[in-house]
Amino acid sequence: MSGAPHEALVREITLVADETAASRCDEGFLRVKRFVLRNTFTDGRTSDTYRCDVLSRLHVDAVAVVLYSKDPDSGRPVVHYREGTRPPIWLRRTKQDQLPFPDPHPFDTIGEIVAGVLEEEDHGWEGVRRRGAIEALEEAGYQVDPGAVAALGGGGFFPSPGVTDEKVYLVAVEVDPSARGAALGDGSVQEEGTRMVSRDLREAIAACRAGEIPDAKTEIGILRLADLLGYVPQLDLYVDELPEALRARYTPLGVR
40 MSGAPHEALV
50 REITLVADET
60 AASRCDEGFL
70 RVKRFVLRNT
80 FTDGRTSDTY
90 RCDVLSRLHV
100 DAVAVVLYSK
110 DPDSGRPVVH
120 YREGTRPPIW
130 LRRTKQDQLP
140 FPDPHPFDTI
150 GEIVAGVLEE
160 EDHGWEGVRR
170 RGAIEALEEA
180 GYQVDPGAVA
190 ALGGGGFFPS
200 PGVTDEKVYL
210 VAVEVDPSAR
220 GAALGDGSVQ
230 EEGTRMVSRD
240 LREAIAACRA
250 GEIPDAKTEI
260 GILRLADLLG
270 YVPQLDLYVD
280 ELPEALRARY
290 TPLGVR
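Following our numbering from start to finish, the sequence shown increments by one per residue and tops out at 295.
By construction, these hints were calculated from the structure, which means they are not laboratory data. Be aware that a few hints might be false.
Straight-line Cα separation of at most 30 Å, DSS-like style, residue types lysine-lysine; simulated pairs [stated by the list, open to error]:
#1 Lys256 with Lys109
#2 Lys134 with Lys256
#3 Lys134 with Lys72
#4 Lys72 with Lys206
Pair ranges (Cβ atoms, derived) [what the hints assert, rightly or not]:
#5 Ala187 with Gly250: 20 to 26 Å
#6 Asp136 with Leu94: 51 to 57 Å
#7 Ala284 with Glu158: 26 to 32 Å
#8 Thr53 with Asp142: 18 to 24 Å
#9 Glu159 with Val55: 31 to 37 Å
#10 Phe74 with Glu159: 20 to 26 Å
#11 Phe140 with Leu292: 28 to 34 Å
#12 Glu242 with Asp184: 24 to 30 Å
#13 Asp136 with Asp215: 44 to 50 Å
#14 Ser86 with Tyr289: 42 to 48 Å
#15 Asp87 with Val55: 41 to 47 Å
#16 Leu76 with Asp184: 43 to 49 Å
#17 Leu281 with Gly193: 22 to 28 Å
#18 Thr81 with Gln137: 35 to 41 Å
Using N, Cα and C, we set each Cβ at its ideal position, and we do this for glycine too.
With the hints as extra help, turn the sequences into a complete structure.
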């Protein structure tokens, strides 16, 4: 039975069937397009033809949302992210002998910031902010004003440009942890078995670097959040707490 996300995590995934051989590559949520291409170079030469597989979706791009708050006592930034099971990562345990570095432990869960696919009606930054607010409610139970959702940088990033045409746009919004309601979910079974985690921003960055949170969009997003807030995690200081000489040299690198 599918429904809203709740705190009970997935204990086991059972492979019921493998439908790969009977499936078309141009059907399903993710689709593989196989093209025959030829390159033309700046000096006029052309390459031999070659095949290129592109992993895509009907709606190509996505938004990822960094939810954050300030600790009421210390003022330190705290990030709020989801922890749940991702079947592709869970199934890595069946191929450990094929990996250059076997995983140090089975990844029963993965920590990730809230994210979702941009729909057909989501145009421009207004659409990105609106979809970000929808995902914050669906996945985390936070009702936020789309106008309060801030872009983290002027454009998105390609998570795996050699494989997929997806671009992920990063945004952030401040939330009140005491006002969190029930996460509505989208009705998918894969939305079940998740929980929210709150973590000091500095600790979360260290966890990403240590491989404890092995998710690229999360690491990129929380690093950009630090820049947005003018927070220097290595020093555990905000820019306005730095000595005057260092404040004068500080540059937010395009996020603020």
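So, against the hints stated earlier in the document, which numbers end up violated here? 5, 6, 7
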